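A.B. asks: If you read the sequences in order, they're chains Y and U.
Its first residue numbered 78, the first sequence is counted upward by one per residue in our numbering.
Its first residue numbered 78, the second sequence is counted upward by one per residue in our numbering.
Calculated directly from the structure, the hints in this document are not laboratory data.
A portion of the hints provided could be inaccurate.
If several chains are the same, the list does not tell them apart, and a pair holds so long as it fits within one copy or across any two.
[Unchecked claim] Dumping the calculated PhoX-like pairs for lysine-lysine here, alpha-carbon to alpha-carbon at most 25 Å:
1) Lys131 <-> Lys451
2) Lys122 <-> Lys138
3) Lys138 <-> Lys332
4) Lys250 <-> Lys302
Since this is a predicted model, take the numbers as computed values, not measurements.
There are 2 protein chains.
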Amino acid sequence: MEAEIITIGNELLIGQTIDTNSAWLGNELGLIGITLIRKTSIADKESAIIDAIKEAHSRVKLVIITGGLGPTKDDITKKALCRYYDCDYRIDESVIKHLEKIFSSRSRELLESNLSQSNLPSISETLLNEVGTAPGMWFHKNDHCLISLPGVPTEVYHITKERVIPKLLQTFKLPIVLHRTLVTLQKAESLLSAELEEFENELPPSISLSYLPSYNMVKLRLTQKVDKKEAVSIDLYYKKLVTTIYDDVFCLGDKDPASHLAQYFIKNTIRFTSAESCTGGLIAQRLMQEPGISSVYPGSVVVYSDETKIHELGIPASIIETQGAVSESCARAMAESVREKFNADISIASTGIAGPSGGSLRKPIGLVFIAISKKNTTVCESFKMFGTRTQIIQRATNASFWMLKKLLAIPID
Amino acid sequence: MEAEIITIGNELLIGQTIDTNSAWLGNELGLIGITLIRKTSIADKESAIIDAIKEAHSRVKLVIITGGLGPTKDDITKKALCRYYDCDYRIDESVIKHLEKIFSSRSRELLESNLSQSNLPSISETLLNEVGTAPGMWFHKNDHCLISLPGVPTEVYHITKERVIPKLLQTFKLPIVLHRTLVTLQKAESLLSAELEEFENELPPSISLSYLPSYNMVKLRLTQKVDKKEAVSIDLYYKKLVTTIYDDVFCLGDKDPASHLAQYFIKNTIRFTSAESCTGGLIAQRLMQEPGISSVYPGSVVVYSDETKIHELGIPASIIETQGAVSESCARAMAESVREKFNADISIASTGIAGPSGGSLRKPIGLVFIAISKKNTTVCESFKMFGTRTQIIQRATNASFWMLKKLLAIPID
Chain Y
78 MEAEIITIGN
88 ELLIGQTIDT
98 NSAWLGNELG
108 LIGITLIRKT
118 SIADKESAII
128 DAIKEAHSRV
138 KLVIITGGLG
148 PTKDDITKKA
158 LCRYYDCDYR
168 IDESVIKHLE
178 KIFSSRSREL
188 LESNLSQSNL
198 PSISETLLNE
208 VGTAPGMWFH
218 KNDHCLISLP
228 GVPTEVYHIT
238 KERVIPKLLQ
248 TFKLPIVLHR
258 TLVTLQKAES
268 LLSAELEEFE
278 NELPPSISLS
288 YLPSYNMVKL
298 RLTQKVDKKE
308 AVSIDLYYKK
318 LVTTIYDDVF
328 CLGDKDPASH
338 LAQYFIKNTI
348 RFTSAESCTG
358 GLIAQRLMQE
368 PGISSVYPGS
378 VVVYSDETKI
388 HELGIPASII
398 ETQGAVSESC
408 ARAMAESVRE
418 KFNADISIAS
428 TGIAGPSGGS
438 LRKPIGLVFI
448 AISKKNTTVC
458 ESFKMFGTRT
468 QIIQRATNAS
478 FWMLKKLLAI
488 PID
Chain U
78 MEAEIITIGN
88 ELLIGQTIDT
98 NSAWLGNELG
108 LIGITLIRKT
118 SIADKESAII
128 DAIKEAHSRV
138 KLVIITGGLG
148 PTKDDITKKA
158 LCRYYDCDYR
168 IDESVIKHLE
178 KIFSSRSREL
188 LESNLSQSNL
198 PSISETLLNE
208 VGTAPGMWFH
218 KNDHCLISLP
228 GVPTEVYHIT
238 KERVIPKLLQ
248 TFKLPIVLHR
258 TLVTLQKAES
268 LLSAELEEFE
278 NELPPSISLS
288 YLPSYNMVKL
298 RLTQKVDKKE
308 AVSIDLYYKK
318 LVTTIYDDVF
328 CLGDKDPASH
338 LAQYFIKNTI
348 RFTSAESCTG
358 GLIAQRLMQE
368 PGISSVYPGS
378 VVVYSDETKI
388 HELGIPASII
398 ETQGAVSESC
408 ARAMAESVRE
418 KFNADISIAS
428 TGIAGPSGGS
438 LRKPIGLVFI
448 AISKKNTTVC
458 ESFKMFGTRT
468 QIIQRATNAS
478 FWMLKKLLAI
488 PID
């Protein structure tokens with residue numbers, strides 16, 4: 078089964094709002110075996126809305142539209158839907174009751190404009206929205222189905238999970254779609270692809286492989302649509318994929334590498350800390366996004382200036398004078414010192430030249446030293462990162478995650 | 078002049094990637110007077126690409142497509158373009174030279190798959206991509222123009238700024254579009270909008286006001302399309318806008334608030350530091366993105382655990398025992414201590430409950446104390462932030478920037 082999404086709103090076209098709803102919906106639909114074949118964004122304009130729906134329904138039976146359901150003048154989706162279905166409005170008492178409840182709980186007056194949200198196209202079924210004021214709507218006519226949702230992401234998530242997915246499963250006979258993802262963290266997409274050429278050539282037509290690169294991370298995803306008759310073979314190919322590039326795999330599943338590391342630290346009560354120069358705190362920032370991290374993360378330092386490296390971490394001034402702050406000796410000393418300072422089991426240190434200025438022939442922009450220290454062992458690697466200041470910082474952070482994985486032999490699952 | 082964008086990639090439809098390119102492009106096109114009327118996302122499928130281009134060109138003369146230019150099998154945009162334009166490939170020597178340069182600087186082997194990126198549809202003009210390996214392409218046929226760009230955001234930004242915008246300005250007669258932007262950092266969009274109702278009603282038809290909200294930041298943008306005959310009045314209205322909400326303005330121009338602050342610190346040699354608990358280093362992280370910041374940023378600490386607050390910053394254990402780490406006294410002590418520790422002129426401290434767990438009736442999730450300390454003065458404010466862990470961290474960071482502006486009376490321009 079195929080579907081299309083139409084997102085409505087001028088703010089999407091002038092670059093004011095980044096559309097996150099449709100990516101989320103695409104994933105949710107995929108999980109129940111509905112393939113999204115197209116997403117279209119258009120302005121709050123009646124003719125544009127009607128045209129887009131007609132076009133989408135000429136290709137697919139299921140169309141989901143988001144946005145344009147607010148109480149203000151520029152929201153005209155309902156009007157366009159009445160026109161498209163050639164129907165009038167009905168008043169939904171359940172929506173009025175919900176609005177009264179919501180407004181009294183917020184101690185706000187229920188205005189005429191708010192009440193208008195209970196006027197719905199007469200042929201629609203209401204998809205009640207407990208977390209907002211604009212209900213969703215379900216239209217089913219001539220074997221074609223259209224779902225209209227508000228534009229606010231939390232409301233889209235709520236109505237979809239609670240109303241849309243169950244109703245879709247009930248209404249349509251859907252296939253099973255399987256995904257298997259893994260994360261690599263150092264090798265370029267083109268090199269991985271060269272290594273996987275044979276593997277890709279041997280994939281059956283029902284299984285496809287996608288590459289999703291971001292900085293020096295590449296996610297690899299296998300997708301298979303399964304008929305009931307067909308033997309489920311995706312796990313065999315997934316195993317083969319993992320084996321083929323085993324040394325490059327950071328973790329299995331569709332995971333943020335920082336989250337994989339943080340969960341390992343939490344589970345094994347490994348206290349970590351960092352002393353960051355060129356990455357400016359990003360290594361710690363990314364790890365501390367994980368809920369529950371406070372049990373193993375006492376804190377960390379950003380030591381940006383030479384004086385701070387000396388005073389906060391006791392880096393010998395002689396190292397900085399003879400070899401510079403951007404050096405292997407300095408990175409090693411930073412990692413060892415910060416580990417002791419915070420009484421941590423493992424520490425990460427970064428020092429480098431993120432640019433856009435400050436590079437030299439011997440120490441060019443993008444030169445980064447990363448050291449990881451644990452009891453009795455400190456390792457250090459140097460990298461030549463390329464790209465902008467932001468890219469160098471991101472790539473150095475990913476490189477430190479890869480080094481952590483290697484040094485601690487962190488399992489990929 | 079109107080345009081459409083087509084973004085190509087299975088990852089956009091299955092929800093693995095959120096499309097940020099098209100929002101950015103929509104904004105850039107708007108700045109030179111090109112109105113985006115539709116965005117379409119489709120899969121890496123030849124027929125889908127060709128159909129989408131045909132449909133878009135039936136509505137508009139200018140079509141921009143992104144994605145599908147990588148060296149791997151699933152990238153088939155060029156093949157589809159050759160089919161659409163009924164042309165063959167040419168080899169672009171300038172691209173080969175660029176690829177050789179990039180791969181040798183990265184000490185990586187240039188594979189056959191990488192070299193394939195110099196094969197371009199014969200009727201295309203090359204839009205050289207200095208920051209990546211896939212060049213952009215410009216097609217101009219029968220008064221219709223199509224631009225094909227890679228999918229990697231930094232590459233889209235680079236090629237668009239350096240090649241596409243200049244070429245569009247040269248090729249088409251575009252109106253003059255003027256923009257005036259300012260940044261607010263604390264008041265909700267709905268409240269600003271209520272205060273600006275009269276101002277908005279008095280705007281001439283040629284000038285429009287847009288609200289661009291993100292966490293507790295709202296950017297306000299005036300836009301005017303100017304004929305040569307028309308007197309340019311946007312600056313008068315911009316002045317009036319600034320006056321009307323003067324107390325809420327953080328800075329003038331389309332600027333990142335962190336960059337505005339960092340530039341002020343650099344210009345006035347104000348050394349800053351931070352002691353962050355719930356924001357986990359994000360305050361320092363955002364400020365240190367500014368090139369040249371090293372002259373005024375010695376470093377900072379993340380003090381996540383109680384013990385670190387006590388050991389690293391000397392926060393009296395009695396404060397943590399009696400009032401808790403999430404308290405005004407603790408925030409104030411953190412700010413004062415870290416300022417002395419790093420011999421800084423100004424310091425920022427954050428302590429709060431970012432969630433998703435750890436809240437209580439007296440100290441709910443979202444409760445955040447932020448303290449700013451300078452010589453002889455420490456101020457502290459408490460906030461009740463809404464949203465997810467990430468949203469609370471982002472909002473607390475923006476709140477600290479607003480407090481810095483107020484305490485230091487930082488000019489808005």
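A.B. asks: Check each numbered hint from earlier against the structure, then list the numbers of those it violates in ascending order.
C.D. replies: Checked against the structure, the hints that fail are numbers 1, 3, while the rest are satisfied.
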